[in-house]
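**Student:** Heads up: the protein sequence lines correspond to chains H, U, F and Y, in order. Numbering of the first sequence is given in the working numbering, commencing with residue 1 and proceeding in unit increments. Numbering of the second sequence is given in the working numbering, commencing with residue 1001 and proceeding in unit increments. Numbering of the third sequence is given in the working numbering, commencing with residue 2001 and proceeding in unit increments. Numbering of the fourth sequence is given in the working numbering, commencing with residue 3001 and proceeding in unit increments.
Please keep in mind that the hints were generated in silico from the structure rather than gathered at the bench. It cannot be assumed that every hint is accurate.
Said to hold, decoys possible - Below, in silico cross-link-like pairs of lysine-lysine (DSSO-like), each with a Cα-Cα straight-line distance of 30 Å or less: (1) F:2116 to F:2169; (2) H:329 to H:205; (3) U:1263 to F:2263; (4) Y:3329 to Y:3169; (5) H:17 to H:169; (6) Y:3311 to Y:3017; (7) Y:3116 to Y:3311; (8) H:263 to Y:3263; (9) U:1017 to U:1263; (10) H:263 to H:205; (11) Y:3263 to H:311; (12) H:116 to H:311; (13) U:1329 to Y:3329; (14) F:2263 to H:263; (15) F:2329 to F:2169; (16) H:329 to H:169; (17) Y:3169 to Y:3205; (18) F:2017 to U:1311; (19) H:169 to H:116; (20) F:2263 to U:1311; (21) F:2311 to U:1263; (22) Y:3263 to F:2263; (23) F:2205 to F:2329; (24) H:311 to Y:3017; (25) F:2311 to F:2116; (26) F:2311 to F:2017; (27) U:1329 to U:1169; (28) U:1263 to Y:3263; (29) U:1263 to H:263; (30) Y:3169 to Y:3017; (31) U:1329 to U:1205; (32) H:263 to Y:3311; (33) Y:3329 to Y:3205; (34) U:1017 to U:1311; (35) H:311 to H:263; (36) Y:3311 to H:17; (37) U:1116 to U:1311; (38) F:2311 to U:1017; (39) F:2329 to H:329.
Number of protein chains: 4
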Amino acid sequence: MADIVRICLIGAGRAGKVHARSLNQYLPTAQLVGLVDSVAETLRTTGDEFGVDNRFETLEAALEWNQFDAVIITTPTFTHKELAVTAAGARKHVFLEKPMALNLAECDEIIEATEKNGVYLQLGFMRRFDPDFAAAFERIQAGEIGQPMIIKSLTHGPGLPPAWARDLKTSNGMLAEVNSHDWDCTRWLMGSNPARVYVEVANFKGAAHNIDTPHFYDNVLVNIRFESGGLGSISGVCPCEYGYDARVEIIGERGIMQIGDIKGQSVIVGTNRNQGYITPIYRTWPERFAWGYIREMEHFVHSIQHDTPPKVGGVEGRWAVAGVLAGTKSFLEERPVLLSEVLGVGVGANS
Amino acid sequence: MADIVRICLIGAGRAGKVHARSLNQYLPTAQLVGLVDSVAETLRTTGDEFGVDNRFETLEAALEWNQFDAVIITTPTFTHKELAVTAAGARKHVFLEKPMALNLAECDEIIEATEKNGVYLQLGFMRRFDPDFAAAFERIQAGEIGQPMIIKSLTHGPGLPPAWARDLKTSNGMLAEVNSHDWDCTRWLMGSNPARVYVEVANFKGAAHNIDTPHFYDNVLVNIRFESGGLGSISGVCPCEYGYDARVEIIGERGIMQIGDIKGQSVIVGTNRNQGYITPIYRTWPERFAWGYIREMEHFVHSIQHDTPPKVGGVEGRWAVAGVLAGTKSFLEERPVLLSEVLGVGVGANS
Amino acid sequence: MADIVRICLIGAGRAGKVHARSLNQYLPTAQLVGLVDSVAETLRTTGDEFGVDNRFETLEAALEWNQFDAVIITTPTFTHKELAVTAAGARKHVFLEKPMALNLAECDEIIEATEKNGVYLQLGFMRRFDPDFAAAFERIQAGEIGQPMIIKSLTHGPGLPPAWARDLKTSNGMLAEVNSHDWDCTRWLMGSNPARVYVEVANFKGAAHNIDTPHFYDNVLVNIRFESGGLGSISGVCPCEYGYDARVEIIGERGIMQIGDIKGQSVIVGTNRNQGYITPIYRTWPERFAWGYIREMEHFVHSIQHDTPPKVGGVEGRWAVAGVLAGTKSFLEERPVLLSEVLGVGVGANS
Amino acid sequence: MADIVRICLIGAGRAGKVHARSLNQYLPTAQLVGLVDSVAETLRTTGDEFGVDNRFETLEAALEWNQFDAVIITTPTFTHKELAVTAAGARKHVFLEKPMALNLAECDEIIEATEKNGVYLQLGFMRRFDPDFAAAFERIQAGEIGQPMIIKSLTHGPGLPPAWARDLKTSNGMLAEVNSHDWDCTRWLMGSNPARVYVEVANFKGAAHNIDTPHFYDNVLVNIRFESGGLGSISGVCPCEYGYDARVEIIGERGIMQIGDIKGQSVIVGTNRNQGYITPIYRTWPERFAWGYIREMEHFVHSIQHDTPPKVGGVEGRWAVAGVLAGTKSFLEERPVLLSEVLGVGVGANS
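When you get a sec, could you build the whole thing from the sequences and use the hints?
**Tutor:** So this is what it looks like as structure tokens:
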């Protein structure tokens, strides 16, 4: 059997705990051995919950101890670049949560650092590992619906994002924090890069939540033209209290495909004929993508054990960031924006 | 265009009004011209509602007037035989609601009267005219699921049946009043007559409703062996407050078919992630079989105008009654009952 | 009972026959008495099929005969204005198919003619009469999902549109011919007028169909900002061979609502576990909106008989045309277009 | 962290491999350390596949080695009693696949052996650990649908059972091998023991498969009366090639509940409007109950580590066997059979 992969988790918050649980409960060939978090209380409770004794306030401290093969980074976006570059510099494989970074220069630094140090970089696009999405991709590749013409992808979720996640200085707002997955999935499933985007945003609940962040929005609708000539739409709504909703619909030259479902569990109950029957809905992203989170971590561990590159890495993360930047520019300037405007000359060659 | 068919409705209650509405609102080639009901108040309000001026307390009175071609009989079961025989004797075509009659002798009298007088007899098995059920039958006939092996049919509905409908003296209880459609549909879709039945019943709500009718039950589960060797199950629940529910599932040698749906309307709403989303349910049988009721009446009118026999008549009605009788005998005697026990020698030749 | 409304149908093609069937088969209080079509063969076969003896090559000829109360206009868009104005001038009520006309000036002429002559004008927005859509509207009005924030509406359909319907000179292309219903429904369900639109189009199948119409597109994706601040998306795909698809999804401040379904019939069949089970899909628009077509005609007839204005008329038709014009301008000029650019000064007061 | 539980798997066939995979791939706190199978080839390939070096032809040989805490028994039914009693005698915890044994005397021996030796016995009723079924049970317990009145449970599956599994001498046929889960689930969800059963069977495909086993059947329909007065239905079909199908429907005094779904994956595709759209179906039981298999094994391991009895043990296994015996007696003798006839006097006290 392959050697156990020893992992240090950086960021012991909600996303971090999802990965910790995958490692502890469902992945015999990896081990969560270290924990980094700058907040002492978080470090203590998460460490206790998952039985991790090696706890550090900083990545640097963890690297002095150095008893691990890889890191999982789940801290806020504005910290990604420095942490990923540092970990790569210490020859640790890097699993990095989305969005990859604040801008393309940071993405490039991360990609360069991992390549130079010969370590793997996997981005946290767990939808690619969800059984539904993965099967859909295979079936599109096999030509079942022909050449994709239109794709629609949505992510709507409950809960107000934290302050840093809606400030364009520390994140790129909902387009990045909520819709990164849609940027990645639409490009992946269409088999083509975005070429032009137009974005409309709306702010319905900001006032009620006393949010005065400039350019705050809680609804977004993106129009995309792909290099293939295909079209795309992304919608984001957050907070929305009806559940966590992530679905895709694709129209190809030969047919339609729908991926995902609002239904969270196959237990329906009807007790009132004037109302109807009730079907459970996915409540949270860890619930919706339970298998996706386990399987993306299996893939990361397997990549390290078998020395094969992860299927989704820096290039994919960078394209999602590029979409976010073009989209943000679009709603700020109220005009369609070409990807080439944010990618710069010749950068498309990365794809 | 064909001559308008003039119709006299006997029984101005709930089922009668469903047919009156089909005639008045959706069937240009027929006309509701007369109304018979022994209850003066019902006669008045239903007559007013549907603009029918010719109103009679008895069928005999209506037959004196005699300005109609056909009758629709929707009165309680114990009156069916006399009304149908009388109408047929006056050479009126007969549309007769289910259950056909209280026993096989009555069924035989009705069949004989209509045949002798050269008029048509159509039974109110509207499920055969529902677009879902009709398409399903065609697809089974076309061999899509192969030879049917098991059929399951259910009718669950809200509302306590009236007293006469649960008394074995004036009706045959739920097996007849609620499940007549299932007896007909299972035989029709299986393409085979029932040969043996076993029935279990339960009484969960009788006490709460102060029902002391002997042998009252509000839940029934029927096991059927068909002449083809196939098996069947029928369930009945009434009253059940979650909606009106009528569905069929068939397993054939080559596959499965499901007919019907709990969903009553394609409008779903989710507002609470801890609960889920809500889908409308069919509330009532007129709502569930809106098209079935219109189309069965279209068929009756068309049969008269074009002088072609209706697709569902006395033989079908008689078989449903036979199933009911065998089923009732089964739960009373707590043993499986052969259809031949109720049909008598050689009667199977009717099929 | 109300007087029978006598109707003359102008345009005996596919849409015309849907209305003829509603009148002949399901609407006892109206009568199809006359038929106008400039193509002799169409006039003959449709006249024969529906038993209409009074047949005319032109509306003028029909008006000389004059034995009718109302017209249904189902001819190509570029003929709408003249026919509607002429019929109104002869004091006939007008049922006019979508799109209302080629431009706003024509819309205004039609509105003025019907108002001046004291006749009713109803637009063929049958979705408003579909039971699903109608119930959804009521539930939104009742506040079930709160203030609408995002609406997504789609119409995808099989079959290549006729040449006149894809030429911007004789129609306004797919945005008008296919997506008129979406323009109307999004405005109706959002309870707000569109304020700004951005449109991307794509042409995937034109070459294979030898279409050289300038600006031809077979895929369209519209982004809308409403006056309320809400956002909207419309997609159109035609031809698409997977079926006729018309669905809406709305996110409100309190929840999500989905209207419509891909499923065309509640009969599912599974025979191959490697493939899955098969659910019928709506094949055509008359099938999808069977009740909508009957009920919109019932409404028109009822409006005339009871002298109450139809619920959907010229103002609604005009707004849909305005959306089409702004959308077309958007994709031609590759920029977002304000509705005020096409409506002109002060025209918004119509709403 | 709790000590790793060391497990020896007895029976390296299909069911055995499902558990081996759960242990190896998803359960860090247990370890598959030994393998027993009397077929050398099976032992070799399964051992290689799961990296298990300690391989034995017999349980006795494995017990000489003795380096394990628990066994999983997945061999044919007629071997269960001896293996379970032997393992318990060596103080190994026992996870035993369904059906528990051939008769109630064997069940009693197994229960006695595990109790006497102070080891745990868990039965392989994985449906109780499926997220859908588990949530449904909780909701019924919470009173959501009121007192259960009727339950319908089905198991239909592809593939002809092996010869031993259809011979009443080495198994109890389909009622045991396929429908054990239904016997357990109906009793569990109804919260009541079966009191009387009536069974009809059919043999549609036996001849085509050259099966001459006496009393062979491939379709079964069970009618149950529970001690509570509630009713139940179980259907079994095997082989059926449309997929693996396991669903339950319950009607309570207050409403309806449906558990499970035919749909295997949320990816639907439509390419042909004359056919409809295709939804994946569950193909196999390991696919349908992927989580159930992992979670039942988690539960077994957790029970051992934390010294708490498993939630489903000998009593539950024994009741399922009792149902099977009464059901078999019913179809052989063509009459309803009371459970008391097979349980004997006073045995009901076990429940």
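**Student:** Now, for every hint given, state plainly whether the structure supports it.
**Tutor:** Status of each hint after checking the structure:
Simply put, residue 2116 of chain F and residue 2169 of chain F have alpha-carbon atoms about 29 Å apart, close enough for the 30 Å limit, and the pair holds. The suggested pairing of residue 329 of chain H with residue 205 of chain H holds, with an alpha-carbon distance near 22 Å, which does not exceed 30 Å. A C-alpha spacing of about 12 Å is found between residue 1263 of chain U and residue 2263 of chain F, which places the hinted pair at or below 30 Å, so the restraint holds. For the given pair, residue 3329 of chain Y sits about 14 Å from residue 3169 of chain Y by alpha-carbon distance, which is consistent with the 30 Å threshold.
Among the hinted pairs, residue 17 of chain H with residue 169 of chain H is consistent with the structure: their alpha-carbon atoms are about 26 Å apart, no more than 30 Å. For the hint linking residue 3311 of chain Y to residue 3017 of chain Y, the alpha-carbon distance of about 23 Å falls within 30 Å, and the restraint holds. The straight-line distance between the Cα atoms of residue 3116 of chain Y and residue 3311 of chain Y is roughly 19 Å, inside the 30 Å bound, and the hint therefore holds. At roughly 12 Å between alpha-carbon atoms, residue 263 of chain H and residue 3263 of chain Y fall within 30 Å of each other, so this suggested pair holds.
Proposed proximity of residue 1017 of chain U and residue 1263 of chain U is supported: the alpha carbons are some 25 Å apart, at most 30 Å. Straight-line distance between C-alpha atoms of residue 263 of chain H and residue 205 of chain H comes to about 26 Å, which keeps the hinted pair within the 30 Å bound. Only pairs whose Cα atoms come within 30 Å are accepted, and residue 3263 of chain Y paired with residue 311 of chain H is accepted, the gap being roughly 28 Å. Restraint check for residue 116 of chain H and residue 311 of chain H: satisfied, since their Cα atoms lie roughly 19 Å apart, inside the 30 Å limit.
Of the pairs offered as hints, the one joining residue 1329 of chain U and residue 3329 of chain Y holds, with about 22 Å between alpha carbons and a cut-off of 30 Å not exceeded. With a C-alpha separation of about 17 Å, the suggested pairing of residue 2263 of chain F with residue 263 of chain H holds against the 30 Å cut-off. With a C-alpha separation of about 14 Å, the suggested pairing of residue 2329 of chain F with residue 2169 of chain F holds against the 30 Å cut-off. At roughly 14 Å between alpha-carbon atoms, residue 329 of chain H and residue 169 of chain H fall within 30 Å of each other, so this suggested pair holds.
Annotation: proposed proximity of residue 3169 of chain Y to residue 3205 of chain Y holds, straight-line Cα distance about 21 Å (limit 30 Å). Of the supplied pair hints, the one linking residue 2017 of chain F and residue 1311 of chain U holds, its CA atoms being roughly 28 Å apart against a limit of 30 Å. With a C-alpha separation of about 29 Å, the suggested pairing of residue 169 of chain H with residue 116 of chain H holds against the 30 Å cut-off. Restraint check for residue 2263 of chain F and residue 1311 of chain U: satisfied, since their Cα atoms lie roughly 28 Å apart, inside the 30 Å limit.
Of the supplied pair hints, the one linking residue 2311 of chain F and residue 1263 of chain U holds, its CA atoms being roughly 28 Å apart against a limit of 30 Å. Our distance criterion of 30 Å between C-alpha atoms is met by residue 3263 of chain Y and residue 2263 of chain F, whose separation comes to about 15 Å. Pair hint residue 2205 of chain F plus residue 2329 of chain F holds up; C-alpha atoms about 22 Å apart against a cutoff of 30 Å. Simply put, residue 311 of chain H and residue 3017 of chain Y have alpha-carbon atoms about 28 Å apart, close enough for the 30 Å limit, and the pair holds.
This hinted pair checks out: residue 2311 of chain F and residue 2116 of chain F have alpha carbons roughly 19 Å apart, not beyond 30 Å. A distance of roughly 23 Å separates the Cα atoms of residue 2311 of chain F and residue 2017 of chain F; the hinted pair therefore holds under the 30 Å criterion. For the given pair, residue 1329 of chain U sits about 14 Å from residue 1169 of chain U by alpha-carbon distance, which is consistent with the 30 Å threshold. Restraint check for residue 1263 of chain U and residue 3263 of chain Y: satisfied, since their Cα atoms lie roughly 16 Å apart, inside the 30 Å limit.
For the hint linking residue 1263 of chain U to residue 263 of chain H, the alpha-carbon distance of about 15 Å falls within 30 Å, and the restraint holds. Taking the CA atoms of residue 3169 of chain Y and residue 3017 of chain Y, the gap is about 26 Å. The hint holds against a cut of 30 Å. The suggested pairing of residue 1329 of chain U with residue 1205 of chain U holds, with an alpha-carbon distance near 22 Å, which does not exceed 30 Å. For the proposed pair residue 263 of chain H and residue 3311 of chain Y, the alpha carbon gap of about 28 Å is at most 30 Å, so the pair holds.
Restraint check for residue 3329 of chain Y and residue 3205 of chain Y: the C-alpha separation of about 22 Å stays at or below 30 Å, so the hint holds. A threshold of 30 Å between alpha carbons decides the hint, and for residue 1017 of chain U with residue 1311 of chain U the separation of about 23 Å falls inside it, so the pair holds. Between the alpha carbons of residue 311 of chain H and residue 263 of chain H the distance comes to roughly 29 Å, so the proposed pair stays at or under 30 Å and holds. The suggested pairing of residue 3311 of chain Y with residue 17 of chain H holds, with an alpha-carbon distance near 28 Å, which does not exceed 30 Å.
Of the pairs offered as hints, the one joining residue 1116 of chain U and residue 1311 of chain U holds, with about 19 Å between alpha carbons and a cut-off of 30 Å not exceeded. For a cut-off of 30 Å, the pair hint linking residue 2311 of chain F to residue 1017 of chain U stands: about 28 Å separates their Cα positions. Under the criterion of a C-alpha separation no larger than 30 Å, the hint pairing residue 2329 of chain F with residue 329 of chain H is consistent with the structure, at around 22 Å.
Going down the numbered hints, you'll see the structure goes against none, and every one checks out.
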